Amino acid sequence: MIDAALISSGTQVILSASSDENYPPEHVIDGKAETFWISTGMFPQEFILRFADTLKITLVTIHSYNVKNLKMEKSTSSDATEFEGIAEKEFEHTEGHLQANDFSLSGTTATHLRFIITSGYDHFVSVHKVTVEGIR
Amino acid sequence: MVKLRARCILVGDASVGKSALSQMFRSDGAHFQKNYSMTAGVELVVKSVQIPETSDSVELFIFDSAGKETFAEACEKLWGQPSVLCLVFDVSSDVSFRSCSLWLERVRAHCQGLQVPGVLVGNKSDLSSRREVETVVAQEWAQSQGLEYHETSAKEMENCEAPFLSLAQAFYALYQDRLQTIQTLA
Ligand SMILES: Nc1nc2c(ncn2[C@@H]2O[C@H](COP(=O)(O)OP(=O)(O)O)[C@@H](O)[C@H]2O)c(=O)[nH]1
Ligand SMILES: [Mg+2]
Chain E
1 MIDAALISSG TQVILSASSD ENYPPEHVID GKAETFWIST GMFPQEFILR
51 FADTLKITLV TIHSYNVKNL KMEKSTSSDA TEFEGIAEKE FEHTEGHLQA
101 NDFSLSGTTA THLRFIITSG YDHFVSVHKV TVEGIR
Chain Y
1 MVKLRARCIL VGDASVGKSA LSQMFRSDGA HFQKNYSMTA GVELVVKSVQ
51 IPETSDSVEL FIFDSAGKET FAEACEKLWG QPSVLCLVFD VSSDVSFRSC
101 SLWLERVRAH CQGLQVPGVL VGNKSDLSSR REVETVVAQE WAQSQGLEYH
151 ETSAKEMENC EAPFLSLAQA FYALYQDRLQ TIQTLA
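First to last, the protein sequences are chains E and Y. Following full-length UniProt numbering, the numbering of the first sequence begins with 1 at its first residue and continues without gaps. Following full-length UniProt numbering, the numbering of the second sequence begins with 1 at its first residue and continues without gaps.
Everything labelled a hint here was simulated from the structure, so no lab data went into it. None of these values were measured; they are calculated from a predicted model. Each hint should be verified, as a subset may be incorrect.
Lysine to any residue pairs mimicking SDA-like chemistry, simulated, CA-CA at most 25 Å apart [unchecked claim]:
1) E:K56 with Y:A186
2) Y:K3 with E:I116
3) E:K71 with Y:Q81
4) E:K74 with E:D3
5) Y:K47 with Y:L179
6) E:K71 with Y:N159
7) E:K68 with Y:N159
8) Y:K3 with E:S19
9) E:K89 with E:E21
10) E:K68 with E:I135
11) E:K56 with E:D122
12) Y:K47 with E:D122
13) E:K56 with E:T131
14) Y:K47 with Y:N159
15) E:K32 with E:T58
16) E:K56 with E:F103
17) Y:K3 with E:T35
18) Y:K47 with E:T118
19) Y:K47 with Y:Q81
20) E:K71 with Y:Q112
Start from the sequences, fold in the hints, and give me the full structure.
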């Protein structure tokens, strides 16, 4: 098992809908919960992770704040096209601490994961850390 | 550099000047549509507002509806999760002013506890001889509801930018506040 979401594993963030240059989406995959990406208004919001290789994913964990509905999609193509939905969840509201949510994925293969936040508990939501457990 | 985006909903009785106001804002006061025309469907005005003394901006997505759809339809189609609220009445119509509390109630019910910065706009300030709503009365009510009050004349191109600038600033302040909260969590 590896944490395949880390920048040090060759993962990249190739798209995000929001912009505050002090809080870039790369903060989601630097392995630290202290750094984060924050949305800058309106929904939906999304970002896409591109892995260095095709992965068999077993578990995705997301640390976030004020996210309400999140959809996860995957692509198995090399150019981030043809996404298909694989999970959807309504997160519980937390106050004063981060939300932590697991998605068990039983070894689904993917080259990209797309995270779409369709609603929030506030105008602005943050994602602090995404970890992806899988096998190359 | 921060670029925020805010969904602005424009509500109030029919013919108070909502469309005129958003069009004036869009065109920087370049034209005023004299002939009455009920907005067909939904119009979206998008304009970026610079926050003074920063390099930051707020892009306002102003949704203007014809007011023909039912309230439930308006909620679904245009309101989504509103960021800011622009509540408009006509200073020459007491009826339109009294409707404001109902509009506000509906918006708040729709927002389910979400804090939505808002302004109250008394439009048609040029119609001074026909004025039915005094400035102080509107101002007091606005204050009691946590709204900032502005008077405008879309016809005379008076003050039309002010309500939108104030909404952008309020949303920007909210962002700074939330950012601070989130920084303390991690
Ligand atoms: N005198 C005056 N008339 C206005 C003003 N703003 C709008 N109107 C007129 O009021 C009518 C209704 O305006 P409109 O923007 O369509 O109202 P809406 O239904 O709230 O969108 C039109 O005939 C406008 O020309 C204003 O500031 N002063
Ligand atoms: Mg209109």
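Against the structure, the hints come out as follows:
1. The suggested pairing of K56 of chain E with A186 of chain Y is violated, with an alpha-carbon distance near 30 Å, which exceeds 25 Å.
2. Only pairs whose Cα atoms come within 25 Å are accepted, and K3 of chain Y paired with I116 of chain E is accepted, the gap being roughly 20 Å.
3. Taking the CA atoms of K71 of chain E and Q81 of chain Y, the gap is about 17 Å. The hint holds against a cut of 25 Å.
4. Restraint check for K74 of chain E and D3 of chain E: the C-alpha separation of about 17 Å stays at or below 25 Å, so the hint holds.
5. Taken as a hint, the K47 of chain Y and L179 of chain Y pair is honoured in the structure, with Cα atoms around 24 Å apart against an allowance of 25 Å.
6. For the hint pairing K71 of chain E with N159 of chain Y, the CA-to-CA distance comes to about 43 Å; that exceeds 25 Å, so the pair is violated.
7. For the given pair, K68 of chain E sits about 38 Å from N159 of chain Y by alpha-carbon distance, which is inconsistent with the 25 Å threshold.
8. Note on K3 of chain Y and S19 of chain E: the hinted pairing holds, with a Cα-Cα distance of about 6 Å set against a maximum of 25 Å.
9. Using a Cα cut-off of 25 Å, the hinted pair K89 of chain E and E21 of chain E is violated, with the two alpha carbons roughly 28 Å apart.
10. Straight-line distance between C-alpha atoms of K68 of chain E and I135 of chain E comes to about 29 Å, which puts the hinted pair past the 25 Å bound.
11. Proximity of K56 of chain E to D122 of chain E is assessed by CA-CA distance (about 34 Å); at most 25 Å being required, the pair is judged violated.
12. Only pairs whose Cα atoms come within 25 Å are accepted, and K47 of chain Y paired with D122 of chain E is accepted, the gap being roughly 23 Å.
13. Restraint check for K56 of chain E and T131 of chain E: the C-alpha separation of about 14 Å stays at or below 25 Å, so the hint holds.
14. Distance check on the hinted pair: K47 of chain Y and N159 of chain Y sit about 17 Å apart at the alpha-carbon level, within 25 Å; holds.
15. Distance check on the hinted pair: K32 of chain E and T58 of chain E sit about 21 Å apart at the alpha-carbon level, within 25 Å; holds.
16. With a C-alpha separation of about 14 Å, the suggested pairing of K56 of chain E with F103 of chain E holds against the 25 Å cut-off.
17. Taking the CA atoms of K3 of chain Y and T35 of chain E, the gap is about 19 Å. The hint holds against a cut of 25 Å.
18. Distance hint between K47 of chain Y and T118 of chain E is fulfilled; the C-alpha atoms sit about 23 Å from each other, no more than 25 Å.
19. A C-alpha spacing of about 19 Å is found between K47 of chain Y and Q81 of chain Y, which places the hinted pair at or below 25 Å, so the restraint holds.
20. Proposed proximity of K71 of chain E and Q112 of chain Y is supported: the alpha carbons are some 22 Å apart, at most 25 Å.
In summary, the structure is inconsistent with hints 1, 6, 7, 9, 10 and 11 from the numbered list given earlier, while agreeing with the others.
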